[in-house]
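S.K.: So the chains spell out like this:
There are 2 protein chains.
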Amino acid sequence: MELQKLDRYAKGLIKEAGRKIRQSFSSELAIESKADANDLVTNIDKEIEQFFIRHIRNDYQGHLILGEEGFGDRLTKLDGYVWMLDPIDGTMNFIHQQRNFAISLGIYKDGIGILGYIYDVIHDELYSAQKGHGAYLNDEPIPVLESTTISQAIIGLNASWVVPNRHIENEGLIRLVKDVRGIRSYGSAALELAYVATGRIDAYMSMRLSPWDIAGGVVIAQEVGAVATNLNGQPLKFLEQDTFLVARKSLHDSLLNDYITLK
Amino acid sequence: MELQKLDRYAKGLIKEAGRKIRQSFSSELAIESKADANDLVTNIDKEIEQFFIRHIRNDYQGHLILGEEGFGDRLTKLDGYVWMLDPIDGTMNFIHQQRNFAISLGIYKDGIGILGYIYDVIHDELYSAQKGHGAYLNDEPIPVLESTTISQAIIGLNASWVVPNRHIENEGLIRLVKDVRGIRSYGSAALELAYVATGRIDAYMSMRLSPWDIAGGVVIAQEVGAVATNLNGQPLKFLEQDTFLVARKSLHDSLLNDYITLK
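Chains A and B are the protein sequences, given in the same order.
Just so you know, we're using the working numbering here: the first sequence kicks off at 1 and counts up by one.
Just so you know, we're using the working numbering here: the second sequence kicks off at 1 and counts up by one.
Mixed in with the good hints there might be a few duds.
One copy or two, either will do: identical chains are not told apart, so a pair holds if it fits within one copy or between any two.
Straight-line Cα separation of at most 25 Å, PhoX-like style, residue types lysine-lysine; simulated pairs [stated by the list, open to error]: (1) K263 / K178; (2) K15 / K46; (3) K34 / K178; (4) K5 / K20; (5) K131 / K237.
It should be emphasised that the hints constitute simulated quantities derived from the structure, not laboratory data.
Since the structure is predicted, the reported quantities are computational estimates derived from the model, not experimental observations.
Working from the sequences, and respecting the hints, build out all of it.
M.R.: Okay, here's the thing in structure tokens:
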């Protein structure tokens with residue numbers, strides 16, 4: 001497998017999918033709810049996932065696909081090449097805002113992320129990385145992250161986790177909100193990973209994410225020195241939903257040890 | 001006073017200021033703290049405010065200027081023409097992200113907002129309105145806002161107000177976080193007002209904003225039917241800091257009556 005060729009191919013698919021998404025704004029969306037009333041999906045999420053799968057199955061036979069909308073494969077292990085795809089990460093933003101969503105794609109080989117992509121379709125910003133070869137925003141290298149402190153940090157954290165909830169002791173997060181410089185919430189895990197990778201925020205956490213939400217972003221963030229684990233500090237498994245934390249190296253331990261207590 | 005001419009003049013100044021801000025990214029920022037450690041100001045905030053003031057004082061003698069950085073006039077009333085300017089709204093984002101900040105400008109005549117501008121410098125998106133003549137995003141008219149419900153709403157609300165604080169009873173906001181579809185926080189009051197005006201979020205509130213943070217955005221949001229008051233439901237005075245709520249008309253009363261209790 002030639003990595004450069006696979007990279008060019010994946011970027012080509014992503015850009016083409018982006019064009020399809022932009023074109024979709026002129027037609028009416030069909031919106032449905034999934035697991036709960038606010039877990040939304042549109043015809044465009046489904047069409048874009050099917051577009052990827054059709055091409056990958058044709059051009060890379062033997063590669064497996066883990067896709068948010070369920071048109072891919074059901075996996076119990078990560079042997080061989082696995083494409084982890086969220087055709088539209090941030091569907092609620094896609095519907096309400098027509099911005100602040102992204103195509104998220106990670107290509108993993110035997111469980112190791114080798115290629116990662118986050119495409120901010122509206123702003124035509126493609127974040128990408130090849131494992132061991134650095135990360136890029138379009139054609140510009142993204143610098144390695146410098147260290148920072150909790151008191152100077154901006155954290156990506158949704159208010160849902162700061163109010164009493166069944167996943168995490170919210171007292172710790174209340175302290176965190178008071179200790180840091182600022183809190184932001186953008187509503188797309190992929191874009192928040194891109195923000196961590198580019199140093200625009202210093203950490204991002206969530207109580208419940210799926211492999212396709214983070215697979216691409218983790219490859220990118222790790223290339224610039226960020227640390228990504230679940231909220232127990234364990235390595236990510238990329239086979240099922242889990243908690244998630246990505247942070248500058250200098251913040252990761254402190255966030256886990258001083259602020260996060262799972263229920 | 002010819003309104004069209006004033007509008008063209010203000011837009012010209014704003015675009016020129018935007019170019020200066022973009023150019024500043026290649027030079028080192030000088031960052032200072034103001035009232036508290038996280039209330040930041042840079043040399044660029046100051047230079048841009050002085051750029052506006054120099055031109056306004058030269059070209060519109062008799063107009064008064066209320067500017068965040070304090071180079072303008074001290075006002076105790078809003079007689080005549082008053083320019084309310086935040087040269088960089090979202091300075092923390094400007095420093096950390098080099099995006100998600102805006103130039104915010106409202107021009108008021110005898111206390112009534114007649115022209116409003118929010119310029120997202122990085123994305124070259126100028127939101128503007130003339131009172132009574134509708135709102136625009138660049139050259140495109142912004143549609144009047146339709147009604148929505150709390151359960152389908154996305155609210156702009158910083159987590160700082162959801163944790164115990166000295167401004168508002170946070171129990172009400174905890175209920176709000178649970179009742180709505182989503183919570184977002186972008187870190188710029190001006191941009192969050194632009195987001196409300198374009199229907200990307202359905203309401204935005206803050207416990208402490210100054211006239212220059214909201215003066216431009218309120219003119220724009222009101223032109224598309226949003227309602228803006230303080231958190232007691234009273235009209236905005238634009239002379240001192242106050243609480244702030246802007247929302248689609250269909251949500252404004254419910255937010256005030258069912259969720260907001262000031263201390």
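S.K.: If a hint holds in the structure, say so; if it does not, say that too.
M.R.: Now for the hints, and whether the structure bears them out:
no. : hint        : in the structure
1   : K263 / K178 : both (21 Å within a copy, 19 Å between copies)
2   : K15 / K46   : within (17 Å within a copy, 40 Å between copies)
3   : K34 / K178  : between (35 Å within a copy, 18 Å between copies)
4   : K5 / K20    : within (23 Å within a copy, 41 Å between copies)
5   : K131 / K237 : within (17 Å within a copy, 55 Å between copies)
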